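J.: Spelled out from the first residue to the last, the chains are:
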Amino acid sequence: MNAPKRREDPVINAVIRISGYSSILFVLLILFFLLREGLPALASTPLKDLLGTRWYPIEGYFGILPLILGSLLITIVATLIALPFGIGAAVYLSEVAPSWIREVLKPLIEILAGIPSVVLGFIGILVFAPFLRKFLDIPTGLTAFTGAVLLALISIPTIVSVAEDALNTVPNSYRQASLALGATRWQTIWDVTLPAAKSGVLTAVMLGIGRSLGETMAVMMVTGNAPVMPLQLNSIFRPIRTMTATIASEMGEVASGSQHYQVLFLIGIVLFLLSLSINIGASIVSTKARKRSERLLS
Amino acid sequence: MRVFVILVIVFGLLLTGCANQGAPAPTGHPPTDSAYIENKGSDTIVNLALAWAENYQKLHPQTRISVTGGGSGTGITALINGTVDIANASRGMKAEERDTLIAKGNDPQEYIIARDAIAIIVNPANPVDQLTLAQLSAIYRGDITNWSELGGEDREIVRLSRETNSGTHVYFLESVVRMGNSDDKTIFSANTLLLPSSEGIISEVKENPNAIGYDSLGYVTDEVKLIAVSSLQNPDEFILPSIATVNNNTYLISRNLYMYTANPPTGAEKDYLDWILSPQAQEIARGLGFIPVIIDEVSP
Chain A
71 MNAPKRREDP VINAVIRISG YSSILFVLLI LFFLLREGLP ALASTPLKDL
121 LGTRWYPIEG YFGILPLILG SLLITIVATL IALPFGIGAA VYLSEVAPSW
171 IREVLKPLIE ILAGIPSVVL GFIGILVFAP FLRKFLDIPT GLTAFTGAVL
221 LALISIPTIV SVAEDALNTV PNSYRQASLA LGATRWQTIW DVTLPAAKSG
271 VLTAVMLGIG RSLGETMAVM MVTGNAPVMP LQLNSIFRPI RTMTATIASE
321 MGEVASGSQH YQVLFLIGIV LFLLSLSINI GASIVSTKAR KRSERLLS
Chain B
188 MRVFVILVIV FGLLLTGCAN QGAPAPTGHP PTDSAYIENK GSDTIVNLAL
238 AWAENYQKLH PQTRISVTGG GSGTGITALI NGTVDIANAS RGMKAEERDT
288 LIAKGNDPQE YIIARDAIAI IVNPANPVDQ LTLAQLSAIY RGDITNWSEL
338 GGEDREIVRL SRETNSGTHV YFLESVVRMG NSDDKTIFSA NTLLLPSSEG
388 IISEVKENPN AIGYDSLGYV TDEVKLIAVS SLQNPDEFIL PSIATVNNNT
438 YLISRNLYMY TANPPTGAEK DYLDWILSPQ AQEIARGLGF IPVIIDEVSP
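Going down the list, the protein sequences come from chains A and B.
71 is the number of the first residue of the first sequence in the numbering used here; add one for each residue after it.
188 is the number of the first residue of the second sequence in the numbering used here; add one for each residue after it.
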């Protein structure tokens with residue numbers, strides 16, 4: 071407080087403030103751009119067509135339902151696969167593993183996070199899809215499940231590193247208290263440490279879901295991109311087409327301002343709303359969790 | 188503060204470094220002679236266009252040609268937006284694309300630069316060797332779903348296609364799925380796999396005995412099996428695709444390949460397009476598995 075006021079302080083303050091505000095500005099600008107390009111689709115294409123079950127834009131079929139369901143299907147399956155592995159690995163690293171193993175594993179997981187998704191896509195096409203086709207005796211290995219497994223691989227490192235950080239912030243006194251009361255190590259992890267880190271772990275899961283929903287390249291390479299309504303029991307082992315793959319493969323071709331262009335942006339809006347609702351859901355749940363734990367601790 | 192000053196200096200040095208690299212390297216040619224041609228479009232043509240560009244640049248070192256793929260629709264859209272000089276397309280320009288160009292004050296020009304056969308390919312383990320055009324259409328419409336209906340094993344058919352931005356996709360839809368009938372509004376069966384590249388189709392076909400796909404003859408490798416196709420007129424005569432059968436018009440599924448310019452070309456652009464239609468350049472096309480356009484001068 072009594073320190074001499076330095077000349078650069080106001081400058082640095084301004085720079086930091088601008089960086090903070092800029093993220094709000096960018097999100098608003100992106101939202102504005104999406105709405106401006108995508109909303110006209112609602113005027114140019116009847117809602118009945120948009121909610122149709124066939125996507126074949128070069129002949130005027132603009133049904134986006136198969137794309138939405140395709141994205142949801144692989145995101146849900148990918149999360150179901152990634153959740154036990156991701157949380158399990160985080161618990162192992164933070165609670166169980168000896169420190170030298172943690173020193174080795176943590177950087178390796180971070181390397182896994184840095185592998186470009188296109189590389190995983192190649193591995194999916196060349197190794198995993200042929201294996202899956204023979205192993206399950208299905209017509210083709212380019213399926214929703216193949217995509218979901220790759221998405222799980224892509225989102226696990228995110229889940230592990232964020233969840234592990236959350237577990238590390240749980241004060242050691244909690245664990246000691248639990249053990250002192252006679253709880254086993256497993257009971258301590260399951261009933262004390264994980265609930266205490268709940269909001270951080272939930273953030274990790276939501277980040278993982280966000281990555282799955284938004285991932286494009288690997289999905290485009292291994293899911294076959296057939297715009298089928300995934301409503302049968304075996305749909306998970308059949309090709310599907312996601313919203314992201316559709317935007318990526320078709321945006322380059324469309325004339326700007328055309329009906330097809332507007333509908334592609336409308337798909338972008340749907341994606342934006344989906345990830346927004348995931349984020350809002352996550353923050354509601356985590357604030358609730360925090361309030362409860364605050365009550366318990368006070 | 189000192190760090191800040193150093194950062195500014197380093198950044199400034201970086202910028203000047205960039206500027207030095209960006210400036211044209213000194214050469215013997217006066218700058219007025221040098222020309223730059225941006226060429227983009229069909230993935231079918233991209234290898235051919237690259238080979239042409241390389242050879243042409245050897246003959247005319249002052250001209251620089253940049254070639255990229257992306258699909259016929261992508262190339263024509265880029266031409267409309269004015270970001271390329273020459274667009275490659277494996278389908279004719281659509282009326283609305285031409286109208287958009289004219290509405291922007293252009294005078295689009297079309298060049299047929301080579302011909303191409305679309306080969307139907309299956310896995311070598313598949314016992315089916317030949318199909319009629321009607322059978323191919325029924326497969327891709329979704330009316331035939333099992334290889335046993337075609338004399339093969341009891342396996343579900345996996346249909347492979349290029350993405351909808353590919354000229355090959357549009358050509359295949361019009362001349363195979365709809366069998367050339369322009370009143371027919373049938374489209375591909377919904378469970379047709381739309382793969383983003385030619386390589387994707389080849390690699391799935393060579394790995395999967397259930398798959399059927401189509402691709403430009405120039406891209407087909409020995410690891411997949413070509414299917415002989417018969418015409419509607421002679422359903423009993425099955426023809427394998429080759430340069431000879433395309434040239435004598437017995438192999439049905441073949442088409443013209445195009446280059447488009449927004450306006451009548453001048454200077455280096457005109458010279459390049461003229462050279463492409465020369466026997467020398469057409470021989471390069473033949474070497475890559477395409478069918479030359481000036482058959483009389485090139486064929487023996």
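Hints listed in this document are in silico derivations from the structure and should not be mistaken for laboratory results.
One or more of the hints may lead you astray.
[As the list claims (entries may be wrong)] Lysine-lysine pairs mimicking DSS-like chemistry, simulated, CA-CA at most 25 Å apart:
#	chain 1	residue 1	chain 2	residue 2
1	B	K393	A	K204
2	B	K245	A	K204
3	B	K281	B	K457
4	B	K245	B	K412
5	B	K412	A	K118
6	B	K291	B	K281
[As the list claims (entries may be wrong)] A partial selection of chain A residues facing chain B, derived with a Cβ cut-off under 7 Å:
#	residue
7	Y126
8	I128
9	P200
10	L206
11	D207
12	P209
13	P241
14	S243
15	N295
16	A296
17	P297
18	Q302
19	G322
20	E323
21	A325
All values derive from a computational prediction rather than experimental measurement.
For glycine and all other residues, C-beta sits at the position ideal for the given N, C-alpha and C.
J.: So, against the hints stated earlier in the document, which numbers end up violated here?
T.: Numbers 2, 4, 5, 10, 11, 13, 14 and 18, in rising order.
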